[in-house]
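Each chain is listed here by its residues.
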Amino acid sequence: DAKTTQPTSMDCAEGRAANLPCNHSTISGNEYVYWYRQIHSQGPQYIIHGLKNNETNEMASLIITEDRKSSTLILPHATLRDTAVYYCIVRPLGTSYDKVIFGPGTSLSVIP
Amino acid sequence: EAEVAQSPRYKITEKSQAVAFWCDPISGHATRYWYRQILGQGPELLVQFQDESVVDDSQLPKDRFSAERLKGVDSTLKIQPAELGDSAMYLCASSFLGTVNTEAFFGQGTRLTVV
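Order-wise, the sequence lines are chains A and B. Counting from 1 along the first sequence, just add 5 to a position and that's the residue number in our numbering. Counting from 1 along the second sequence, just add 2 to a position and that's the residue number in our numbering.
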């Protein structure tokens with residue numbers, strides 16, 4: 006079962022920052038937070054992951070709260086190509102329980 | 003950049019027929035996954051392999067579905083017989099084992115329609 010909750014859908018104006026929240030209140034100490042996105046009719050694409058520190062790469066930034074019970078994915082300047090379903094996942098890396106389990110995700114619509 | 007290859011991209015089959023999907027994961031990835039995605043829902047994990055062993059197949063309908071991962075090569079998912087409710091996207095993914103560079107890479111999927 007997915008261990009995260011996300012809003013069903015969000016809108017964002019093109020060029021503005023898109024902030025996608027995720028709650029993972031039951032996260033364990035060895036579980037990482039991963040984000041993927043899925044553009045229509047394509048396979049999911051990895052975006053970013055982190056354990057407890059904030060992370061940034063060329064695609065996005067990940068902000069994890071100090072208690073690790075929630076996180077926010079930030080797309081700093083959303084474009085129309087960022088319209089997709091975004092999935093937040095928690096994974097116990099390096100254990101036999103490590104699985105990539107998807108919930109329903111957040112459908113992000115970037116509006117011109 | 004290395005990619006997970008899947009074929010066919012689209013498949014139409016009649017119910018009660020057998021159908022098979024093929025996946026060529028990224029070289030060196032020890033973990034392989036098969037997912038089923040019904041329209042409007044997130045991908046559902048059907049089976050996960052670690053090397054040649056099945057780690058989890060709890061959601062695989064074993065009366066009709068079978069998955070195989072050949073050593074060092076590709077992976078197949080078979081449905082026999084297909085039912086109307088099997089119409090979905092079937093996704094293959096692979097990743098490294100461990101705690102670094104563990105992001106799962108997905109193929110483009112096979113869209114199955116059972117008529």
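Among the hints, erroneous ones may be present.
[Stated by the list, open to error] In the DSS-like style, the derived pairs of lysine-lysine whose C-alpha atoms are separated by at most 25 Å in a straight line are: (1) B:13 x A:57; (2) B:80 x B:13; (3) A:104 x B:17; (4) B:17 x B:64; (5) A:74 x A:8; (6) A:57 x A:8.
Hints in this document: simulated from the structure, not taken from any laboratory.
To see whether the hints hold, each was checked on the structure:
no.: 1; hint: B:13 x A:57; result: 43 Å, violated
no.: 2; hint: B:80 x B:13; result: 13 Å, holds
no.: 3; hint: A:104 x B:17; result: 31 Å, violated
no.: 4; hint: B:17 x B:64; result: 17 Å, holds
no.: 5; hint: A:74 x A:8; result: 11 Å, holds
no.: 6; hint: A:57 x A:8; result: 17 Å, holds
Consistency note: the structure conflicts with the earlier hints numbered 1 and 3.
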